[in-house]
Amino acid sequence: MPGATSAPTARALDAIESLARAGQTRMRFSDIVSELGLTQATAHAILKTLCDRGWADRDPVDKTFSLGPAAAVVAARIDAARPFTHAARAAAVAVHRDVGYPTSLVERTGDTLVITAIEGGDPDHPAGIPGDRIPYAPPFGVAFAAWDTPEGQRAWIRQAAASDPAVEQRLDSILARTRERGFDIDWTTPALAQHAQLVGTMHGDGLPPRIRRPLERLLAEFATVGYLSDDDPARETQPIVTISAPVFDHRQRVPLIVGVHPLCALTADRIEAIGQCLMRATAAVGSKRSGTV
10 MPGATSAPTA RALDAIESLA RAGQTRMRFS DIVSELGLTQ ATAHAILKTL CDRGWADRDP
70 VDKTFSLGPA AAVVAARIDA ARPFTHAARA AAVAVHRDVG YPTSLVERTG DTLVITAIEG
130 GDPDHPAGIP GDRIPYAPPF GVAFAAWDTP EGQRAWIRQA AASDPAVEQR LDSILARTRE
190 RGFDIDWTTP ALAQHAQLVG TMHGDGLPPR IRRPLERLLA EFATVGYLSD DDPARETQPI
250 VTISAPVFDH RQRVPLIVGV HPLCALTADR IEAIGQCLMR ATAAVGSKRS GTV
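According to my numbering, the stretch in the sequence shown is residues 10 to 302, in order.
These are computed hints drawn from the structure, not numbers from a lab.
The beta carbon of each residue, even a glycine, is placed where N, CA and C say it ideally should be.
Just to be clear, a hint being listed does not mean it is correct.
Ranges between beta-carbon positions, derived for each pair [unchecked claim]: (1) Arg86 - Glu189: 37 to 45 Å; (2) Val70 - Arg190: 50 to 58 Å; (3) Gln285 - Asp173: 33 to 41 Å; (4) Asp278 - Asp120: 35 to 43 Å.
From just these sequences and the hints, can you work out the full model?
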């Protein structure tokens, strides 16, 4: 939505999301101050307001914080208010049961991708945490960009290839191959993903050429870091992080994707089998939405 944003509102929402990510672990005041980068006065004002309105709960004994009853009221209404997402989550649960690997639901909101659900997985080595935010920019979001509008695809590619025709061509071929296959395969490890997000925040404007050129090359490398071509021998040995397929709405747009996270190397046949399983599940969600069988 165009227009100015509200910084105080953003800080309050950051606090709610932080409490949600903590799950059953109650947060100390100092933890919230540190994680959100707030002053103690600002954090105190936000948390007091959230507690007064029931969005947060403060333990009177150990002084820790967790989500409050108001959040539970909203959570209870989510399935009824967002039936499309509810159906997609049910599909993710079914895929997890069929393939045995952790399965996620990722939604796109503007220029951000948000993990909204994870089914299964090892808590000590999670594929992601609900509430995690990822920039909608290369190498992230291929399964969204592949079926975006031509203008949307160009905007996605330009974020990594503003001045490099070779990278632009490579990204364009990745999107074309993903559409042809019907699902995305991503080898971006969690460590690479962290570095890619960090590099993506860097800009070469105003830097001397000896610094700007290496930075641009690094950006170009990270833009396609999660993709291996069909003839790359590393496909048989490198762990696959995500296999994902789009869910189309009634306008044939992709508001969310369902992803499987093997976190291990797979044969080509196994990759294809998981991809086909995903495509059947996501197609069924789209069919329900459009009223077809």
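Against the structure, the hints come out as follows:
1. Here the CB-CB span from Arg86 to Glu189 is close to 40 Å, well matched to the stated 37 to 45 Å.
2. For the hinted restraint 50 to 58 Å between Val70 and Arg190, the CB-CB distance of approximately 55 Å keeps it satisfied.
3. Distance hint check for Gln285 and Asp173: the Cβ-Cβ separation is about 35 Å, which falls inside the suggested range of 33 to 41 Å.
4. Range check, Asp278 to Asp120: about 36 Å between beta-carbon atoms, so the 35 to 43 Å window is met.
The structure is consistent with each of the numbered hints, conforming to all of them.
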